[in-house]
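Peer 1: Start from chain A and add chain B according to the hints.
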Amino acid sequence: MGGIYASVLTISPGRPFRASVTTFGALVWSGFRRYATYRQATLAGSFTNIVFGFLRCYVLLAVAAGATGSRPGGYDGAQLATFVWVGQGLLTVVGIWGPPDLSDRIRTGDVASDLLRPVPPVTAYLAADLGRFGHALLTRMVGPVIVGAIFFTLTTPTRWQTIPLFAISTLLAAIGSFGCRFLINATAYWLHDARGPLVLWTLGSGVLCGLYFPLRLLPEWLAVTLWVATPFPGLL
Amino acid sequence: MGELRAYAALLGGKARSMASYRTSFAIELLSNLGSTVLDVVTVFVLYRATARVGGFTLAESLLMTGLTAAGFVLADLVVGNIDDLKRYVRAGTLDTVLIRPLRVLPQLIFMDLPLRKLLRLAFGIFVYVAALVVNHVHWTPTRLTLAVVAPIGAAVFFGAIFVLTASLAFWWVESGEMGAAFTYGGRDFTSYPITIYSDWFRGVFAYALGFGLVSYQPALALLDRADPLGLPAWAGYAAPLVSVPAVAIAALVWRIGIRHYRSTGS
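Sequences listed follow chains A and B, in order.
Counting from 1, position 143 in the first sequence corresponds to residue 143 in this note's numbering; the numbering is continuous, with no gaps.
If you want this note's numbering, it's the 1-based position in the second sequence plus 1000.
Okay, chain A solo, but in the shape it has when bound:
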């Protein structure tokens, strides 16, 4: 029985940790470049985020204007506006509606070549997704926040700690969102076509992350259940 042998170029045989870091970094960078190629799509996407920002912001402000004490769910107007515009920016950064690459590859069978690679698929996909995250952070976050700041009064954080905490929380949210999407996409291993679960995810994540309205507007028992029992509020 003649076996078939495959060998992989080892970057640094003596220091395996460094090798995996280099590979991971290269994958992140290629993920970044993939999105950097489509500049026009970035522009078009930002435009759409901004239009939706206006729509959602006006609705919430109109609700605030009619609410008792003008503070629905304990938020004032500026906080609601900030919530909407930062949310519109974060939407693509966290990528709760990321591309269904994995399920497409499972359906077409291309995933087999991913499994043959010497990098675990979860790691490889996570690296590519972090590249996407980096690109979105630089490009998609600024547009909505600047437009929001021009047309509405936004609140600025009063404590310096808020900013690094926000950065860490965004990164964790991106990883969390990646994990959820990976699971949803992986249903294609059983169903062959993950379109249904993906639609369900798009739908559930939008509302349960608080994209359409702050979760505090829900009855308290429901909001608390969502906070404690589901990953959604942690994503956006």
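It should be emphasised that the hints constitute simulated quantities derived from the structure, not laboratory data.
Predicted, not measured: the structure shown is a model, and the values here were computed from it.
Derived CB-CB ranges, DEER-like:
| # | chain 1 | residue 1 | chain 2 | residue 2 | range |
| --- | --- | --- | --- | --- | --- |
| 1 | A | A26 | B | A1059 | 57 to 65 Å |
| 2 | A | W160 | B | V1097 | 52 to 60 Å |
| 3 | A | L171 | B | D1224 | 49 to 57 Å |
Glycine is no exception: its CB is placed at the ideal position from the N, C-alpha and C atoms.
Peer 2: Chain B in isolation, oriented as in the chain A frame:
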């Protein structure tokens, strides 16, 4: 007749492909219903915080939401898939469509008629009818006609917007999600009374693009309310006519786009 048979074959192929992924299709059917249900639930949640939004009560708002939901989903069901045009242009699938001896637009529609959206349409109509009942509309023959014509007008208008935004792909393949700002954005815009928007934003969306005439004006006429923004009462009855110029513009742009199309060669 032969043409009809060809369209039926396209549709049959689609139905068979859906039947082979049953679980996924069932989930899709339910989640599609869910998306419209959530739009309506959002309105209820927002009204938990306040009794009036932009001067309108929950029941009055629901009439606009229901009218929008029924019209939009009907449009989405019939021509919504035209959204994929940019994919067809990039992948070269459009070339296959162009060389067949059938009209392009109907082919694209029948290639992927999304039957999964049927439940959603039923729900949209249900909300609309329920809102009509809850609001105790003072029925006259003209109002009855308007109540029937308004959602159809809305559907035709949204259909025109779908075709228009999809046509963008003929000139700009990477237009990405830009169309969604006007299709789904338009739906969100017309789901609420337009009094809540600031002047310039309302000017652009409601009057320049015509979205204000889709649900807000007809709803005012059905509710027998004067327009706080100052349009005369007959405007509500005339509003569904806005879909006529919309369709004309969409048809024109679509035709120019098809002529302009050059294959990417892939």
